[in-house]
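A.B. asks: Quick mapping for you: the protein sequence lines, in order, are chains A and B.
Under the working numbering, the first residue of the first sequence is numbered 1, with each subsequent residue one higher.
Under the working numbering, the first residue of the second sequence is numbered 1001, with each subsequent residue one higher.
Wrong hints could be hidden among the right ones.
[As the list claims (entries may be wrong)] Calculated pairs, EDC-like style, for lysine to aspartate or glutamate (alpha carbon to alpha carbon, straight line, at most 20 Å):
(1) B/1251 with A/257
(2) A/251 with B/1337
(3) A/430 with A/46
(4) A/405 with B/1337
(5) A/251 with B/1335
(6) B/1251 with A/337
(7) B/1251 with A/335
(8) B/1405 with A/337
(9) A/57 with A/382
No lab work stands behind these hints, which were simulated from the structure alone.
Protein chains: 2
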Amino acid sequence: MTDLVTPTAADREDAAAVAASPPGAAAVAHMKWWGWGVPGVAFHHEDKPAFAPFVLKAVGIDLHTASVLEQPDFGALDVPASIAPDALRAALADAVGADGVHDDDLDRVVHTYGKSIRDLIKVRAGHLPRVPDLVVYPADEAAVQRIVDVVVAQDAVLIPFGGGSNIAGSLEPVPGEARPVVSVDLGRLDRVLEIDEASGLARIQAGALGPSIEAQLNPRGWTIGHFPDSFTHSSLGGWIATRSSGMQSDKYGDIADIARGMRVARPGGVLDLRPTPSASTGPSVREMVLGSEGRLGVITEATVQVHRVPQQRVIHAYFFPNWRAGSAAMRRIAEGDVHPAITRVSDGRETGFSLSTSKASKGFSGLAQKGLFAFLKRRGWDLDEMCLSFIGYEGTPAHVAAQRKVVEKAVKRSGGIGVGTGPGVLYDQKKFDTPYLRDFLLDRGTAGDVSETSVPWAGLDAMHDGVIAAAEAAYESLGRKGWIMSHLSHSYHSGACLYFTFAFVMGDEPEAEYDVVKSAIQQAFIDLGGVPSHHHGIGVEHAAWLPDVLSEQGIGVLEGLFAATDPGRNLNPSKITPT
Amino acid sequence: MTDLVTPTAADREDAAAVAASPPGAAAVAHMKWWGWGVPGVAFHHEDKPAFAPFVLKAVGIDLHTASVLEQPDFGALDVPASIAPDALRAALADAVGADGVHDDDLDRVVHTYGKSIRDLIKVRAGHLPRVPDLVVYPADEAAVQRIVDVVVAQDAVLIPFGGGSNIAGSLEPVPGEARPVVSVDLGRLDRVLEIDEASGLARIQAGALGPSIEAQLNPRGWTIGHFPDSFTHSSLGGWIATRSSGMQSDKYGDIADIARGMRVARPGGVLDLRPTPSASTGPSVREMVLGSEGRLGVITEATVQVHRVPQQRVIHAYFFPNWRAGSAAMRRIAEGDVHPAITRVSDGRETGFSLSTSKASKGFSGLAQKGLFAFLKRRGWDLDEMCLSFIGYEGTPAHVAAQRKVVEKAVKRSGGIGVGTGPGVLYDQKKFDTPYLRDFLLDRGTAGDVSETSVPWAGLDAMHDGVIAAAEAAYESLGRKGWIMSHLSHSYHSGACLYFTFAFVMGDEPEAEYDVVKSAIQQAFIDLGGVPSHHHGIGVEHAAWLPDVLSEQGIGVLEGLFAATDPGRNLNPSKITPT
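I would like the entire structure built from these sequences, with the hints used as guidance.
C.D. replies: This is the structure in structure tokens:
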């Protein structure tokens, strides 16, 4: 729940630089090379009176006096020269057209990293041990296939690139890679090709970003129902390659449920999986492409489930006296008969954050003005422990009403109270803005990022508390002021996803410091019965913890799969498993 | 909806033979070596006056005059001698205990085939080109692991065996296999080890059969909710190895949804997948074990979702004037807000079959007596086209009522009418008895089996009609009288499973004739946008059609996986893919 401003002069220069690029790239918009989102849009807090005090409390930074970093200067970067040989350039130009092969520094740097805080720290510091040697912009699947075959024939390395929002290190070339590295930008494959209205299936090109997909589906009455935090800057192919989940996945399913058919350009030809509702056809190749992060080839399109835009869609807000009450309510809802589209509850810390980002005149401030918080205090609630929850309902009005009735019984049983739809409307409007906050904090010397896991209900509260304790111990070991907060973001029959947001004041070695904090959080995920990632993927960032949940034998199966399907290690090597 | 009788003298002899086997086997009950189910239980029709006329109409056999085959004589079989060398016997005896290693002919023949009609034809004809050389009965996972390691070390072949109900040829040794073949019977691993009541998860051994699982869960208030037709004689490990679905999968999910964690004995150690609700951890190893049919190792246990036994459970029956009305209703229900536990509709042919298996005094006969059918006829319905549907509701009474309201609106809109819960009670009692009918027909010269696919809604009616036409063309090409009928058995957002039952009068070459019919049906599945199997697996029976839905590249991925994880081809080789 943040709020954004319009472009600065520097932002406009960035945008102009992108627009001045040759046609292939010009058709594809990229995020800022140094941060999240559209050039010219940024977080600000001038109209949010509670934000500065919150930041002061959380990480000890006084926003009124903090020094603010200048926007980094692209010209100051030392970008290594492309090592692409002429033969590779020529073959790729044949494959994709001369205007689809780029080697300018800006394009290459844009395609070097995703957008984790580690990525932002590195790119801002000009830490560029290896950047792609060429960026190619295929316009169709046939061109992608030609690229794949050229790369394998010439023993180069191929890294697929969708929206560039990855935070698991899935996009970066291996630092020591001696072979030429080609980043394949799918941005021109952005169309909804076909809607099968009788089946609720749509064939969509892999490079289409979230807003483009909805813009093509909505006018015809359909939605894909997939809304990850990265929605505005992530692509269908990227969602599939990382096993993404969205904010409404409780209803629409994770992308693993949504994506039925897939086409993947592989060495020698297209892997084409028929889009059927379910199948018993051996080990699931579909579920191997899901999460493959480029190691099996380049996803070119998918046939996905789409749904009629629901008649009614409403998000209700609830407050619970504390985390345990909130998580208990979510579990009660999950084990019951009704399944809302969104089940989300923030812990007390994140609730405090949400309240701090409200504008003076709206949302929670309005509630406060109405005396709600005073009333809760009189009832014995500790407002620092109080937890904000959003439950989303979709369907016919009768269905929405029936769901609400069951949910609100569970809320009441768990000691919660409903506060209506006002906060939910704000949440819905602002839900994709939070990533901008990271740049704001980074400009002020604070590293913030997110990490998430899933865990059975029996271990949920212990996971919540244990991860917070682990992060705090890490901050203490660094001697730095830090913050961590959490929400339950998705419910399943047997457990839920816990999503953590953390930030700390950086010292002289931000990357090493980040490692200490991030590793502590990941290790707590494992120690407390979770997984290294619920929906962000493995990449290189989470690979160390993969054996803990798949066992050595499971890693062996993955390594065997990769070795058998990509013997030359040409397809995004060293992601997911080092070998 | 059949009805069974008590043992004959011959059946009792079979049962005695099994009981006389050594301890390891004695603890594990097997189906008849020559047919389905418990020795001594069989289909009869004396109290079902409409059945004989139905069979006469369907396949032209007059049950009053048809000659009936004798129960096959085990002593007449020419069982090839075991080729297991002493070293293998000794090592397996070390691994599992001497009483857990069997080489008697009955045990070996029981473990040679599953229970497809092709299997029954072959085993009754004494067609035994290759039978397992040894059958071993491990009592725990450690013993399974030792067996796997012995088999690989001695370059033998291992075939896991659960309930033995497979109909895809997944259990049979490759006819030309020169190495010793070991069938690993998981029957002694039959316990529910642990229930995590907070998470709704249970840890269950892979050899546990359906009734045993429910018998261990129900007294504690839980159910797995997985009820395939084979339920009484199929195991958890078998369900996972073949990607099974059950009758209530619309609510509980296919086994691929239900099974969260898995342990698989692989060469060198146990593959152990952590049971979490969802994960983004690369290509899904979990979804590789699902459907693996023994090619990745032996599944020893799984952690599965379990649900509280619902407060209310009721199955309502509905009639539709014809197939298109019935399938349209199922689609309307699937695209709506409520999701019943069972959505099933039979076509006119199968409805005729169901009516014919009613006892004179009960169920549909009762409805007929009440004049319902006369009423429908007056309304213009063609009773031969009329389709019977079952919709199952579960949950709180309020939830059941709310679901029914929405469903019955869709039923009405599609021209259907409700006929209450009477037929559903009968369906529920008799649902696992149908497989016995195959033996009854086979004894009377008629080969019957089932085959199923899934298809998007847009192609559902064309699939229904096209498969029937393909089967009828096959019958005509053979010059034989045949029958085929169908029901929609599972609904998904984007399509459904169509389940076909077919039968024809055999000539002199039953296997070759069966090939003609079965191939015609499978080819129609492919030509009309479906898959070779929705929940029975691939084995050797459906392998020819796998490239059509996975593409050659997909087959290459599977072959690569198998070659990498089982380089010696010791683990149930040649199933799913020939190499």
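A.B. asks: The structure should be examined with respect to each hint, and the outcome stated for every one.
C.D. replies: Cross-check of the supplied hints:
1. B/1251 with A/257: holds (15 Å)
2. A/251 with B/1337: holds (10 Å)
3. A/430 with A/46: This hinted pair holds, its Cα atoms lying about 17 Å apart.
4. A/405 with B/1337: holds (15 Å)
5. A/251 with B/1335: Answer holds: residue 251 of chain A to residue 1335 of chain B is near 13 Å, not above 20 Å.
6. B/1251 with A/337: Holds: residue 1251 of chain B and residue 337 of chain A sit about 10 Å apart, inside 20 Å.
7. B/1251 with A/335: holds (13 Å)
8. B/1405 with A/337: The given pair, whose Cα atoms are some 15 Å apart, holds under the 20 Å limit.
9. A/57 with A/382: holds (17 Å)
Hint compliance for this structure: no hint is broken.
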